[in-house]
Amino acid sequence: MEEQKQKMPTGMVLVLIVECLGILGLLESFRGPMQFGPLFLTGWAAIFLVLVHMAANGLVVFGIIKRLKWAWKFILALYVLAIVLGIANSLFFAFDGTVQENYVRYVLTPELEGSNLSISAGELFSLVLPITLFVVAITIAVNIAIAVYLFKKKDFFTN
4 MEEQKQKMPT GMVLVLIVEC LGILGLLESF RGPMQFGPLF LTGWAAIFLV
54 LVHMAANGLV VFGIIKRLKW AWKFILALYV LAIVLGIANS LFFAFDGTVQ
104 ENYVRYVLTP ELEGSNLSIS AGELFSLVLP ITLFVVAITI AVNIAIAVYL
154 FKKKDFFTN
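In terms of the working numbering, the sequence shown has 102 at position 99, counting the first letter as 1, and numbering is strictly consecutive.
Bear in mind the hints are in silico, worked out from the structure with no lab data behind them.
Each residue gets a CB set at the ideal place from its N, CA and C atoms; glycine is no exception.
Hints should not be assumed to be uniformly reliable.
Said to hold, decoys possible - Pairwise CB distance ranges, derived in the manner of DEER restraints:
1) Q9 / A58: 24 to 30 Å
2) G100 / L24: 42 to 48 Å
3) I134 / Q9: 40 to 46 Å
4) F51 / G14: 22 to 28 Å
5) K69 / G46: 33 to 39 Å
6) G46 / L136: 34 to 40 Å
7) A148 / A58: 31 to 37 Å
8) V87 / I134: 18 to 24 Å
9) I134 / A58: 28 to 34 Å
10) T13 / V131: 31 to 37 Å
11) Y152 / L30: 22 to 28 Å
12) L29 / Y152: 19 to 25 Å
Said to hold, decoys possible - DSBU-like, lysine-lysine: derived pairs with alpha carbons at most 30 Å apart:
13) K157 / K76
14) K155 / K76
15) K157 / K72
16) K72 / K156
17) K76 / K10
18) K76 / K156
19) K155 / K72
20) K157 / K69
21) K10 / K157
22) K72 / K10
23) K69 / K155
24) K69 / K10
25) K10 / K156
26) K69 / K156
27) K155 / K10
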């Protein structure tokens with residue numbers, strides 16, 4: 004008798020979509036600096052961190068598609084790490100003057116050069132900060148929801 008393939012739950016399909024979009028989103032990170040807690044990484048350090056992140060997301064996608072047992076713990080650990088880093092990054096971005104100065108220097112100033120905007124990078128940062136914190140808060144909430152969903156779906160990972 005043929006072994007029937009079990010249909011993938013809709014929630015897992017959504018997690019796969021989020022992970023694939025995350026991999027695509029990381030492609031944008033190759034062009035600029037990256038914050039990692041209190042560190043503001045540029046150059047090869049940022050590229051290395053992006054590559055590690057992309058590889059981890061790729062393992063998540065592979066683990067879900069193949070329903071691998073080790074993937075459940077790996078995915079949960081990554082989501083917990085993402086939640087903790089999201090909170091840490093937000094706090095450092097909001098309250099650490101060094102991180103703010105680096106963001107203004109490496110991100111906002113080059114973007115303003117050659118533009119016709121009559122606003123300083125510092126003024127632009129004060130506009131960017133609340134928007135960034137709002138987006139990070141939504142991202143953390145989504146990560147928590149996915150982590151809770153995956154925690155309840157341990158039996159999905161059977162191979």
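So the hint says 19 to 25 Å: do the beta-carbon atoms of L29 and Y152 match that? Taking Cβ atoms as reference, L29 and Y152 lie about 22 Å apart, which means the hint holds.
Going straight from one Cα to the other, do K157 and K72 come out at no more than 30 Å? holds, 8 Å
Please verify whether K10 and K157 have alpha carbons no more than 30 Å apart. Answer holds: K10 to K157 is near 16 Å, not above 30 Å.
Determine whether the Cβ-Cβ distance between T13 and V131 falls within the hinted range of 31 to 37 Å. Taking Cβ atoms as reference, T13 and V131 lie about 35 Å apart, which means the hint holds.
If you check the beta carbons of I134 and A58, does the distance land in 28 to 34 Å? holds, 30 Å
Is K69 close enough to K156, meaning Cα to Cα at most 30 Å? holds, 14 Å
Is it true that the C-beta distance of K69 to G46 lies inside 33 to 39 Å, as the hint says? holds, 35 Å
Is K157 close enough to K76, meaning Cα to Cα at most 30 Å? At roughly 9 Å apart (the allowed maximum being 30 Å), K76 and K157 satisfy the hint.
K155 and K10 were given as a pair; does the straight-line alpha-carbon distance stay at or below 30 Å? holds, 17 Å
K69 and K155 were given as a pair; does the straight-line alpha-carbon distance stay at or below 30 Å? holds, 18 Å
Verify the CB-CB distance for G100 and L24 against the hinted window 42 to 48 Å. violated, 33 Å
Just to be sure I understand the hint, the distance between the Cβ atoms of F51 and G14 should be within 22 to 28 Å; is that true here? violated, 32 Å
The structure is inconsistent with the numbered hints 2, 4, 6, 7, although it conforms to all the rest.
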